[in-house]
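Asker: Put chain B on the given structure of chain A with help from the hints.
Chain order of the listed sequences is A and B. Oh and the first sequence: position 75 is 75 in our numbering, straight run, nothing missing. Oh and the second sequence: position 230 is 1230 in our numbering, straight run, nothing missing.
There's no promise every hint is true.
Residues from chain A that face chain B, not an exhaustive set, calculated with beta carbons under 8 Å [to be verified]:
{"#": "1", "residue": "101"}
{"#": "2", "residue": "113"}
{"#": "3", "residue": "131"}
{"#": "4", "residue": "134"}
{"#": "5", "residue": "135"}
{"#": "6", "residue": "137"}
{"#": "7", "residue": "182"}
{"#": "8", "residue": "186"}
{"#": "9", "residue": "237"}
{"#": "10", "residue": "238"}
One side of the interface only, derived from the structure: several residues of chain B facing chain A at Cβ under 8 Å [claimed, not checked]:
{"#": "11", "residue": "1013"}
{"#": "12", "residue": "1077"}
{"#": "13", "residue": "1128"}
{"#": "14", "residue": "1131"}
{"#": "15", "residue": "1134"}
{"#": "16", "residue": "1165"}
{"#": "17", "residue": "1171"}
{"#": "18", "residue": "1238"}
{"#": "19", "residue": "1247"}
{"#": "20", "residue": "1248"}
{"#": "21", "residue": "1255"}
A short list of chain A residues far from chain B (calculated; beta carbon distances all over 12 Å) [stated by the list, open to error]:
{"#": "22", "residue": "6"}
{"#": "23", "residue": "36"}
{"#": "24", "residue": "43"}
{"#": "25", "residue": "52"}
{"#": "26", "residue": "64"}
{"#": "27", "residue": "85"}
{"#": "28", "residue": "104"}
{"#": "29", "residue": "178"}
{"#": "30", "residue": "184"}
{"#": "31", "residue": "244"}
{"#": "32", "residue": "256"}
{"#": "33", "residue": "262"}
Please keep in mind that the hints were generated in silico from the structure rather than gathered at the bench. Keep in mind it's a predicted model, so treat the numbers as computed, not measured. Just so you know, even glycine gets a beta-carbon here, dropped at the ideal spot from N, CA and C.
There are 2 protein chains.
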Amino acid sequence: VSLTKTELKDIQSLLTKKGRKLKKSFLAEGVRLLEEAARHRMRPEAIYYSESALSERAKFLVERFQKLAVSAEPIPLRQLESLADTESTQGILAVFKEPSTALAELYRPAYRRILLCEHISDPGNLGTLIRSALAFEFEMLILTGNSAEPYSPKVVRSSAGAIFGLPVAVCENGELLAFVTLHRMFLVAADIAGQAASVQLRQIPRDQPLLLAVGSESHGLSPEMLAAATARVRIEHATSVESLNAAVAGSILMKEVYELTK
Amino acid sequence: VSLTKTELKDIQSLLTKKGRKLKKSFLAEGVRLLEEAARHRMRPEAIYYSESALSERAKFLVERFQKLAVSAEPIPLRQLESLADTESTQGILAVFKEPSTALAELYRPAYRRILLCEHISDPGNLGTLIRSALAFEFEMLILTGNSAEPYSPKVVRSSAGAIFGLPVAVCENGELLAFVTLHRMFLVAADIAGQAASVQLRQIPRDQPLLLAVGSESHGLSPEMLAAATARVRIEHATSVESLNAAVAGSILMKEVYELTK
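Excised from the complex, chain A in its bound form:
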């Protein structure tokens, strides 16, 4: 069955920031991403697929969603391709409701490790950080400043599906700093002028939740975030490069925190 022009346009609008904001929904495409969604028990609003383009693995996935009573519509490949953000579609995509990004709503007092990204505007870097955060048992991500949109197709894809397993809050620095004070968080700031991470991170108290803050590649964290930090840490490396890629730096620090506090 073909989608009507209006239906098609409605879904296509989710490829844009404006459309996502309006519909409070987002898209994810491809077998691997949707398998991760299923694994994290994220139920799509609807899936769209083209029988002719489905692998065995993709067929199995369609059945799996059908058993969960997800609306599953077979559509012509030509239509599916017009909804895809990538060049090769794998014949399946899904629409999800955007989870809340309200900090107060997402936060749980049991959280011990939270990642803060300030001005991480590259979607590939943000997606990679989400993936590493889930791998290193960070329980939540907070985005401030001019960061990429967490549910844009490129972030979703770069997260390799980890976006389905990690609560993501978006807020202003003011709200964040009040939150840090309220919950007595130990705020660790990544800072190339900071002290050696390998030494500093050993001082992390066990009885305080940790907030690890990573800033933009070109400018680092804002002065107000640095001022609020309990510790400022840098990753030791040779001076032949000025700094590491932001996703790499954040991931290395998360790994160290994971090993020291697990």
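Answerer: The following block gives chain B in isolation, referenced to the frame of chain A:
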């Protein structure tokens, strides 16, 4: 002075793989990348700039290259933009001769740490690995399989200029394996089915050069590379994600090697 149509086409061709192969040259644009080139004493064949678009920092850079007797041509902004791979040009770009990528020619017996990338096809990931390699004092990069082209604009940009400081060899697996045997290299393979990196890497011998091998995200290293490995290591993380981003995984392993062998 405007470039002639032919001159313009000649430089534009460097934005394509075919053109780079033919001319054995590559492009780098923007102040930061070219400052890194200067810092690593890489002398461009020529620079092109548009006076009106230059910042003070960019003007200083133009003078610096002029003092090195580099051919520096002022061209109209419209022409410069047609040569740029990015949307905002910063008013300056340079043409460099592609260094040799022959393994035998680049290798020095004094090298202690070499990174091997097999099938790293994403240019962003490859550039990021080049940047981390230089940061963690790896002295050379070897590319095998279906890896991205090291001197493509996207790799050059993602390396944040580290490409100017790291010799990059490109070869076939056969040549590489002969090289490993000849130089008695300790070959460490990143492998999600391997043993804990934190334990395994402590066994690295001090008197043997180390080759760290990282494979593609979807398929890992090839069976022949795994078979040739002296040790197979995995980065410990939660099972909530299947694997880390390839650039993150490679960077984490390089950092551990750097700390254990420095």
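Asker: The structure should be examined with respect to each hint, and the outcome stated for every one.
Answerer: Okay, the hints, checked on the actual structure:
Annotation: interface hint on residue 101 of chain A violated; nearest CB of chain B at approximately 21 Å, more than 8 Å. At a threshold of 8 Å, the smallest CB-CB gap from residue 113 of chain A to chain B is about 11 Å, leaving the interface hint violated. About 6 Å separates the beta-carbon of residue 131 of chain A from the nearest beta-carbon of chain B, less than 8 Å, and the hint is met. The closest approach between the C-beta of residue 134 of chain A and any C-beta of chain B is roughly 5 Å, which is under the 8 Å cut-off, so the hint is satisfied.
The restraint placing residue 135 of chain A at the interface with chain B holds, with a minimum CB-CB distance near 4 Å, inside the 8 Å limit. The closest approach between the C-beta of residue 137 of chain A and any C-beta of chain B is roughly 5 Å, which is under the 8 Å cut-off, so the hint is satisfied. The beta carbon of residue 182 of chain A is not positioned within 8 Å of any beta carbon in chain B (closest approach about 28 Å), and the interface hint is therefore violated. Hint status for residue 186 of chain A relative to chain B: violated, with the closest Cβ pair at about 21 Å, above 8 Å.
Using the Cβ-Cβ criterion of 8 Å, the hint placing residue 237 of chain A at the interface with chain B is satisfied: the shortest such distance is roughly 4 Å. Hint status for residue 238 of chain A relative to chain B: holds, with the closest Cβ pair at about 5 Å, below 8 Å. With a cut of 8 Å, the hint placing residue 1013 of chain B at the interface with chain A is violated, because the nearest CB-to-CB distance is about 24 Å. Because the beta carbon of residue 1077 of chain B sits about 23 Å from the nearest beta carbon in chain A, more than 8 Å, this interface hint is broken.
A cut of 8 Å between beta carbons decides the hint on residue 1128 of chain B: the least distance to chain A is about 5 Å, and the hint holds. Against a cut-off of 8 Å between C-beta atoms, the interface hint on residue 1131 of chain B holds, since the closest Cβ of chain A lies about 6 Å away. Against a cut-off of 8 Å between C-beta atoms, the interface hint on residue 1134 of chain B holds, since the closest Cβ of chain A lies about 5 Å away. A cut of 8 Å between beta carbons decides the hint on residue 1165 of chain B: the least distance to chain A is about 6 Å, and the hint holds.
Taking 8 Å as the C-beta contact cut-off toward chain A, the hint placing residue 1171 of chain B at the interface is violated, the least distance being around 24 Å. For residue 1238 of chain B, the shortest C-beta to C-beta distance to chain A is roughly 5 Å, which falls under 8 Å, so the interface hint holds. Among the interface hints, the one on residue 1247 of chain B holds; its C-beta lies about 6 Å from the nearest C-beta in chain A, closer than the 8 Å criterion. The beta carbon of residue 1248 of chain B comes within 4 Å of a beta carbon in chain A, closer than 8 Å, and the hint placing it at the interface holds.
Taking 8 Å as the C-beta contact cut-off toward chain A, the hint placing residue 1255 of chain B at the interface holds, the least distance being around 6 Å. Even its closest Cβ contact with chain B, about 33 Å, leaves residue 6 of chain A beyond 12 Å, as expected for a residue assigned away from the interface. A beta-carbon of chain B comes within 12 Å of the beta-carbon of residue 36 of chain A; the shortest separation is about 8 Å. With a minimum CB-CB distance of about 18 Å to chain B, residue 43 of chain A clears the 12 Å threshold, and the non-interface call stands.
Every C-beta of chain B lies more than 12 Å from that of residue 52 of chain A, the closest at about 23 Å, which supports listing it as non-interface. Separation of residue 64 of chain A from chain B is adequate, the least Cβ-Cβ distance of about 18 Å exceeding the 12 Å criterion. With a closest Cβ-Cβ approach of about 16 Å to chain B, residue 85 of chain A is found to remain outside the 12 Å limit, as its non-interface label requires. Listed as a non-interface residue, residue 104 of chain A keeps its Cβ farther than 12 Å from every Cβ of chain B; the least gap is roughly 25 Å.
With a cut of 12 Å on Cβ distances, residue 178 of chain A stays outside the contact zone with chain B, its closest approach being about 30 Å. Remark: the non-interface label on residue 184 of chain A is consistent with the geometry, its nearest Cβ contact in chain B lying 26 Å away (cut-off 12 Å). Chain B draws residue 244 of chain A into its interface by the beta-carbon criterion, the shortest separation being 6 Å against a cut-off of 12 Å. Not every beta carbon of chain B lies more than 12 Å from that of residue 256 of chain A, the smallest distance being close to 10 Å; the non-interface claim is violated.
For residue 262 of chain A, the shortest C-beta to C-beta distance to chain B comes to about 9 Å, within the 12 Å cut-off, and the non-interface label is violated.
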